[in-house]
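Here is what each chain is made of, one letter per residue.
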Amino acid sequence: MSDSPTLARLARAERKVQLLESMIEEKTRDLYIAMRKLENSARELSQVTSAVPAAILVFGRDGFISLANETAERLLGQPTRTLIGRDVAALFVPGAEPVFGAQQLTATTPAQERICVSTTGEHIPVLASCAPIHNGKGQCERSVAVIFDIRERRRLELELRHSQKLEAVGRLAAGVAHEINTPVQFVNDSIHFLHESSHDLSALLTRYQSIAKRVEEGRPVSELIEETREFEQEIDLEYISGNGPMAFDRSIEGLDRVTSIVRTLKEFSHPDGGMMERVDLNGGVNSVLVIAHNEYKYVADVVSDLGEIPNILAHRGEINQVLLNLVVNAAHAIADRVGESGERGNIRIATRCEGEYVHLTVSDNGTGVPVHLRERIFEPFFTTKTVGRGTGQGLASVRAMVIERHQGRIALDSEVGKGTTMHIRLPIAGAQVVLPT
Amino acid sequence: MKGVIFNILEEFILDGWGREAFEDILLSCPVHMHEGHVAPGTYADADMVTIVQKTCERLKVSPADALTAFGRFMFPRLVARYPQVVEGISDPYQLLEQIDDVIHVEVCKLMPDAVTPRVRCEPMGDSDEMTVRYQSSRKLCEVFAGLLQGVGEQYGRTTEYRQLSCMHEGSDCCVFKVRFPIEESGI
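If you read the protein sequences in the order shown, they are chains A and B.
FYI, in the numbering used here the residues of the first sequence are 1 to 437.
FYI, in the numbering used here the residues of the second sequence are 438 to 624.
FYI, nobody ran anything at the bench for these hints, they're computed from the structure.
Careful: at least some of the hints might be erroneous.
Subject to a maximum C-alpha distance of 20 Å in a straight line, what follows is the list of computed EDC-like cross-link-like pairs (lysine to aspartate or glutamate) [as the list claims (entries may be wrong)]: (1) B:Lys614 to B:Glu590; (2) A:Lys16 to B:Glu590; (3) A:Lys137 to B:Glu543; (4) A:Lys16 to B:Glu566; (5) B:Lys439 to B:Asp484; (6) B:Lys491 to B:Glu460; (7) B:Lys497 to B:Glu543; (8) B:Lys439 to A:Glu26; (9) B:Lys439 to A:Glu25; (10) B:Lys546 to A:Glu26; (11) A:Lys27 to B:Asp550; (12) A:Lys16 to B:Asp484; (13) A:Lys16 to B:Asp461; (14) B:Lys546 to A:Asp30; (15) B:Lys439 to A:Glu21; (16) A:Lys137 to B:Asp538; (17) A:Lys27 to B:Glu543; (18) B:Lys497 to B:Glu447.
Based on the sequences and whatever the hints tell you, model everything.
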């Protein structure tokens, strides 16, 4: 017995089942494709994070790491699985700046130089910044730290600074050679005088010995004495007696001066190890005045007003470089003003202790710096000097070394036609002291 | 329109008028509708209009009354199929407030190609009457009115509403004033 509505319902039910089966197949296919895309995205993301030449650490509000890339493994010397769950703050040596960690970030932090500690205890200089990761509701539940290993950069910077220092020394080489040559010249003159005098004195001594022998033998000596007196006149014994000791004094003084110049030059040229040490700033001033003597001696008189200051924690080589650059600049500024007039300018160097830092001033009465150039003179390669007198690296290096390397401060007072005073403030305790604004 | 609505409409007709009436209505529709509808499927809005039209013709009921009754019938069945959508909602006013930002978001997670109406509620202040704005290209405000009744019943309340404007009369949305007074228990 046929029942049309029932058959229709059965047919409809069958068709629905077919439809549903088809939809399930389609959804399954879509799901498979979506899964493959997700896997590919995850793989691509993993490849990208592995390839990034910076350590990436994701951590929660509690500061515990939830994700670390391969670069983080290599940098810190520990596998990812041991990094996961660690407190991110524990990976850094505590510094003056706030440490990444259990805090809710509201914005990306600027890149900061920090020290990471590897599993072997090695201290690794890094450049690190941190950014919040916002969820769909705009809340920060996690943060990501990006950390660059800057050991190679530090090494290159060290090499560059040493090269710059040698470049500066090289530029002064002619002057230093002249400085050495002057005392060597009068040592040479003195030694020649003493050499000649020694022959005459030796001959005179022989005559005195002959006289003595005759006296012992009871023979007449008056004629011999007269001849000897004539010989004394001939060799100008009075002159030799007066100038001989002075010639020795000059020779000793000259050799001492050469020794001092060579020692200072050697100290100045010696590469520092990149580590900070206690530096006598006043001693550095005196050394630089020796090295740079030929640069200023024809155009300026130097006055040192060096106060009682403690040794500062600094990079010795860089401080010497700063002093040298400032003194040479001052000398050149004066030379530009006085020209061939024969007038002499003044350079004054003073040091004072001001609270937690030392204040160094280098003043000259040279050309002064026009207002529109006062920022530019610190730009790398900017120079107003003629070719051969500078490459524009001097004050740029000073700025980099004082501000970036020592967290010091530079200020400039200048008046065109009157002169310039450079103010350098350096923290006694080294970088990490916050200077007043 | 999603197939689940068609399924509930089928239940509505079967429940009210029986199998024979439903089969007659279905056969009076275009051939492509004879296959029936599966819940996860997506079908033309015009198919729903056709079924409603044929239903009203066959059963001699007014379309407005039929649609409102259908809306009231549909709400509890939607809740039964997708209880997670209304989970944690404790009163009818709260449910209406969460239609757009929560309920329809969850619906779209389950059915990504679902096209949902826009339902906006204004703050009530000290009043117990809520202003609700319904907006949809389908203009099924009668169904929405029925859904409001279903919402009240879901939470054991009566539903009192009045419609202040209608898209069928040219307004850009249908504005309802609705309140859900708590039923006094008879002693």
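For each hint, the structure was consulted:
no.	hint	verdict
1	B:Lys614 to B:Glu590	17 Å, holds
2	A:Lys16 to B:Glu590	32 Å, violated
3	A:Lys137 to B:Glu543	16 Å, holds
4	A:Lys16 to B:Glu566	44 Å, violated
5	B:Lys439 to B:Asp484	11 Å, holds
6	B:Lys491 to B:Glu460	11 Å, holds
7	B:Lys497 to B:Glu543	37 Å, violated
8	B:Lys439 to A:Glu26	17 Å, holds
9	B:Lys439 to A:Glu25	19 Å, holds
10	B:Lys546 to A:Glu26	18 Å, holds
11	A:Lys27 to B:Asp550	13 Å, holds
12	A:Lys16 to B:Asp484	17 Å, holds
13	A:Lys16 to B:Asp461	19 Å, holds
14	B:Lys546 to A:Asp30	15 Å, holds
15	B:Lys439 to A:Glu21	17 Å, holds
16	A:Lys137 to B:Asp538	13 Å, holds
17	A:Lys27 to B:Glu543	19 Å, holds
18	B:Lys497 to B:Glu447	17 Å, holds
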